[in-house]
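4 protein chains.
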Amino acid sequence: MIKAGIIGATGYAGGELVRILLGHREAEILWYGSRSYIDQKYGSVYQNMFRLVEDVCKDDNLKELAGQVDVIFTATPQGFLAGILTEEILSRVKIVDLSADYRIKDVAVYEKWYGIEHKSPQFIEEAVYGLCEINRDRITDGTRLVANPGCYTTCSILTAYPLVREGLIDPGTLIVDAKSGTSGAGRGAKVPNLYCEVNESIKAYGVAGHRHTPEIEEQLGYAAGCPVTVNFTPHLVPMNRGILVTEYASLKRKKDGSLPAWEELRAAYDRCYGQERFVRVLDRGVCPETRWVEGSNYVDVNFVIDERTGRVIMMGALDNLVKGAAGQAVQNMNLLFGLPEEEGLTMPPCFP
Amino acid sequence: MIKAGIIGATGYAGGELVRILLGHREAEILWYGSRSYIDQKYGSVYQNMFRLVEDVCKDDNLKELAGQVDVIFTATPQGFLAGILTEEILSRVKIVDLSADYRIKDVAVYEKWYGIEHKSPQFIEEAVYGLCEINRDRITDGTRLVANPGCYTTCSILTAYPLVREGLIDPGTLIVDAKSGTSGAGRGAKVPNLYCEVNESIKAYGVAGHRHTPEIEEQLGYAAGCPVTVNFTPHLVPMNRGILVTEYASLKRKKDGSLPAWEELRAAYDRCYGQERFVRVLDRGVCPETRWVEGSNYVDVNFVIDERTGRVIMMGALDNLVKGAAGQAVQNMNLLFGLPEEEGLTMPPCFP
Amino acid sequence: MIKAGIIGATGYAGGELVRILLGHREAEILWYGSRSYIDQKYGSVYQNMFRLVEDVCKDDNLKELAGQVDVIFTATPQGFLAGILTEEILSRVKIVDLSADYRIKDVAVYEKWYGIEHKSPQFIEEAVYGLCEINRDRITDGTRLVANPGCYTTCSILTAYPLVREGLIDPGTLIVDAKSGTSGAGRGAKVPNLYCEVNESIKAYGVAGHRHTPEIEEQLGYAAGCPVTVNFTPHLVPMNRGILVTEYASLKRKKDGSLPAWEELRAAYDRCYGQERFVRVLDRGVCPETRWVEGSNYVDVNFVIDERTGRVIMMGALDNLVKGAAGQAVQNMNLLFGLPEEEGLTMPPCFP
Amino acid sequence: MIKAGIIGATGYAGGELVRILLGHREAEILWYGSRSYIDQKYGSVYQNMFRLVEDVCKDDNLKELAGQVDVIFTATPQGFLAGILTEEILSRVKIVDLSADYRIKDVAVYEKWYGIEHKSPQFIEEAVYGLCEINRDRITDGTRLVANPGCYTTCSILTAYPLVREGLIDPGTLIVDAKSGTSGAGRGAKVPNLYCEVNESIKAYGVAGHRHTPEIEEQLGYAAGCPVTVNFTPHLVPMNRGILVTEYASLKRKKDGSLPAWEELRAAYDRCYGQERFVRVLDRGVCPETRWVEGSNYVDVNFVIDERTGRVIMMGALDNLVKGAAGQAVQNMNLLFGLPEEEGLTMPPCFP
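Chains as they are written, first to last, in my numbering: chain D, 1 to 352; chain F, 1 to 352; chain G, 1 to 352; chain R, 1 to 352.
Honestly, the hints are just simulated from the structure, not real lab data.
Quick reminder that beta carbons are idealized off the backbone N, C-alpha and C, glycines included.
Watch out, some of these pointers could steer you wrong.
Claimed, not checked - Computed footprint of chain R on chain G, listed as stretches where at least three residues anywhere in the stretch have a Cβ under 8 Å from a Cβ of chain R:
1) 42 to 53
2) 102 to 115
3) 119 to 128
4) 274 to 286
5) 289 to 296
Stated by the list, open to error - Taking lysine to any residue pairs in the SDA-like style, the calculated list, with each CA pair at most 25 Å apart, reads:
6) F:K255 <-> F:R165
7) R:K255 <-> R:A189
8) D:K3 <-> D:R35
9) D:K255 <-> R:R284
10) G:K254 <-> F:R165
11) D:K190 <-> G:K254
12) F:K41 <-> D:R266
13) G:K41 <-> R:R35
14) F:K254 <-> G:T229
15) G:K112 <-> F:T309
Only chain D is shown next, with the shape it has when bound in the complex (with noise of 0.2 Å):
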């Protein structure tokens, strides 16, 4: 039995790590962590957790923690971990970090877009980005720190990653217009993020300046085999869970000036995404929505050609908590632990 703690565990993510794990055959939570509310009951706090958890939350002291569990989650603000981190720490206990502070390698990028500073570089090299469909070769149980990638990030990725990997559009023209339920936006009490604020409303935001553009762009990057830039707009939707992205690119045309088929696109697809438990490449004319996926750690797919513009919409769905968040950091523990990558995820989308 594996021992786990989540720091930041009455947060959405750590809310939803929290019941990812009750259903998780081989792990078992020891430390709810919540600054906010140390002392009370995580049943108190997050009523949904009334009678099925019993312990009370408890601070974030992570040397302390790392004596007592074999992995821990850092579901926390931008720099808390690397605050904190220590050799010592890693020496004795695994950590999948939801949070941005080990996700770019290039530590100026991050404290450009993050703008702070990073308080433990040293340990950067060794963070595996822990994106499994792409990354599940480094993801083992030498691995001490994974950097659990941001929910819009995933979904960008994922949508576009077969066609940039193979070359099939130009990389220099993506543009990702991406939608998120409001449960990205955090717990935080903030005016704009009120009932009143969001509802009946949708609006973009971070234009052209978003933290998880360089996370895109890094990643994306080592598909192509160079560099790419994207405009990455994310857009607030009013409704709890999930993200869509909507991606355009021009399609690199063949020799006769001819777009490459469907069926080729399809075939990248599936070869990326073929044997993969958590990715459904949607049938032929099937967009992506997110009440498909929700609740689940499931990405869905797909794309259409417009061969009037000679370009491609690729478009994905995930539930921001699941697969861009909590759902991908279980993933990651079972890699980390040998287990198999499913265990503790297989519960189906709930609709509606």
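With the hints as your guide, set chains F, G and R onto chain D.
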């Protein structure tokens, strides 16, 4: 492995049966019945089940189905099962009926409230009302026909049951004000259920005439040991899932005119539900909220005494598609086949 | 042209006052008071007013304001106005107070339910309870202080008023089950009002202790001619605007034991509201729905007799920000200044 | 007083026409046409209009109607007006058509995208495309037939128009990612528009094939002075009203390779919209949000330059039922009859 068939698999309750049974370790679905979608892949109608369910939808031939499975769930319109049920069918298969056809013992009452003739009243007596927490002992491997309770009914009865049974309230004063999410209205294409008609609004409907009224009255009458007549008013709430009931009744005063103490009422709840897996009596002062039970088989109940009016306000919350329909149906199936009652139903509530 | 000042102009009720007064032909706003946003452009806080309102937000200096305007609307927290109101201010300006400070005649009742000391009880007697349909005659150019009724209160009182006043129901049996949109909770940044906490859920709150209870009881007591004690239970509904009340009471039986006829009750409603511009008694069998009054000053009311229980179920719907707050405040202003009562309030409900 | 008739008065756009025209000082509605509800009181179908509209619904006899009114609004399915319009009708009455029948000058393009034969192409040339801000000069008392623009189209065109017209972007790179509330899907009883199907989800639809594409292309082509081909992708958002468009295009670089400055783009917007009553160019850094225009005839637009990619991200928001349908139709009526363009359209946006 129990073989199960579902008639009405593409309604919301039917879809939820599929979701739950996919996680059940002792049951498998062999028949996805749906008149509207015959020969279409189930996973293309309910796209959340894409790649999880490869079967195509079949018709509603109960007779044929009876020869192939151990249990049939009928999530069908009122009158459907009553119109085709035969002794031959019942001799070959167990049936859990999610419609109202066999819930009410007095056929005249059924015919009056539902406005249709009952075509097979000979099976009413035999049918067991499948409110597991109350009728558990009568749902056994000898039972052939279970009348799965209505969603409003389950919530309304369980919320008031302890106080009615122990004679702590005057049942003649009982008023049930109920609020339901929109999935309770079904998946039929009707203007009043369109997004823009339901969203941003609340209304009462079926005032003084809703069909769940006699079902509540009959069951609470058994508990009270005398006929009970209630006001039951359902309301439509702009959310997908969830039922909340707020119930009002006058407390029976003691000989000295005083009201019973909070502890006495609490003890009554504990006597009924102290050992129950799926009924959670909340801590004092905590009101049930539908978000805390969503996606799960839990019913959360609690009460407040109003000293000024001498009334008790009882509250209960459940997920209308789980404990209010499919979850309870599976709970009944587990009882019918001698399985642990919670098998397939242990998923925690999903928030947000 | 009436000069108006608003204290609390950036709350939801304050914002609605702005929206309504911008369409009022006889009033103009000279002072947008908002402690939180002093010196910021009002149209940058409420971006809907961008380019429609060029003023910046000012403080809440009531004394200074009193010298500049004819009427002040105070859309402020409980206790604010009571804490600063003076005879000097009242001698110079009329005040329509949207808080509860002067609604309740018995200062002990106010202090008990609100948990704060009343700092200027000397003005309570003078204040007129501004429920226009009932107290119209007392709101005149001689009135200096109007206590604008609460949102729940307006809806609860107007729905039951005809039957209470005419003695057709037993007021001791009155139960008010109320449901409100989330704007009623205000614009404060609190976790329970975040989008993801409210969305997809319904709950009761303030059970047996909500502050609007004594206000309802006092006013219905005047109508009944005797003290009235009620159960009032508010619920939070995932929608922006709207209040629906469902009220239950036992009908007084005639000497022969029979219930009053529908026509008798309807006649009572017509006597009260037949000439009212803003109260619509719906056709028989039509239940009020909040969507039909959204954005308008209307209250829709109706009732159903339940012969089985001898009770009448009364229902009422209004927009909590209009008739439940800002609209009624403007209606009061119109009365105070001898304008047509509907001036500025003729916008039809907006659907969907 | 202008006499107006509405065909399709019980659709959402028709209902909005009624709401707006009730507040119009120079127009009155004489004919509420609705095939589905003939002889029913309009105020019983749209209960918000109870007591405000006493008329009953009539049929869609355009010929008869033409003799009774000055202007007819046709809020009808594609092909309806084209199928019955005659010279005789047009010689007697002005028509503002909210369908697409006369929006596209090239009948072959219309027939290809709409998949129906155009029955009266002889009127296409005469019809004026009623995008008031652009075609104002051509909508006069001599105009007989106005093709009221589509909702997506209005928003998409107005958002990009200044930069297209002034040649600041490369129109061949234009991508329009649009998001709409559900009222845009109409009031037809279809499963995909049910509350539970739309709520808590977002999806793209009509990818690479939506009918508003050629309308956008035609109008932007006029502005650019050359053919324009765009990617247009609509999305369905769980809210009642509102359209947001996010548009991407490459900025034309100067001879020295530099991008145009923000001030230059802003000046282009100001030249187009500086005098416009209903187009608000927001302050730098403020993104349009649909909540800020709800219920009003405003379009909010803004843009952000992404120096990294050399693209400009343009954003626009409007209420699809007002500026996207009924409001613009009334704006056109005002122009047709020489009234102030804003008459009946001055209601501020309603928030929340």
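Coverage of the region 42 to 53 of chain G by chain R, judged on three or more residues with CB within 8 Å: The restraint on the region 42 to 53 of chain G holds, since 8 of its residues have a Cβ under 8 Å from chain R and three suffice.
Do at least three Cβ atoms from the region 274 to 286 of chain G come closer than 8 Å to Cβ atoms of chain R? Holds: 4 residues of the region 274 to 286 of chain G have a Cβ under 8 Å from chain R.
In terms of beta carbon proximity below 8 Å, does the region 289 to 296 of chain G have 3 or more residues touching chain R? Holds: 7 residues of the region 289 to 296 of chain G have a Cβ under 8 Å from chain R.
Within 8 Å of chain R's CB atoms, at least three CB atoms from the region 102 to 115 of chain G: coverage verdict: With 0 residues close enough to chain R, the hint is violated.
Compare the distance between the alpha carbons of F:K41 and D:R266 with 25 Å, and conclude whether the hinted pair is satisfied. Holds - the C-alpha atoms of D:R266 and F:K41 are around 21 Å apart, at most 25 Å.
Straight-line alpha-carbon gap D:K255 to R:R284, limit 25 Å: Not satisfied, since the Cα-Cα distance of roughly 44 Å exceeds 25 Å.
Does F:T309 lie within 25 Å of G:K112 when you go C-alpha to C-alpha? 17 Å, holds
Quick one, are F:K254 and G:T229 close enough, alpha carbons at most 25 Å? 21 Å, holds
Need the status of pair G:K41, R:R35: alpha-carbon distance at most 25 Å? 49 Å, violated
With the threshold set at 25 Å, check whether the alpha-carbon distance from D:K190 to G:K254 stays at or below it. With Cα atoms ~57 Å apart, D:K190 and G:K254 exceed 25 Å; violated.
Decide if the proposed pair is consistent with the structure: G:K254 and F:R165, CA atoms, cutoff 25 Å inclusive. 33 Å, violated
Would you check the hint for R:K255 and R:A189, treating anything up to 25 Å between C-alpha atoms as holding? 56 Å, violated
Violated hints, in rising order: 2, 3, 7, 9, 10, 11 and 13; the structure is consistent with all others.
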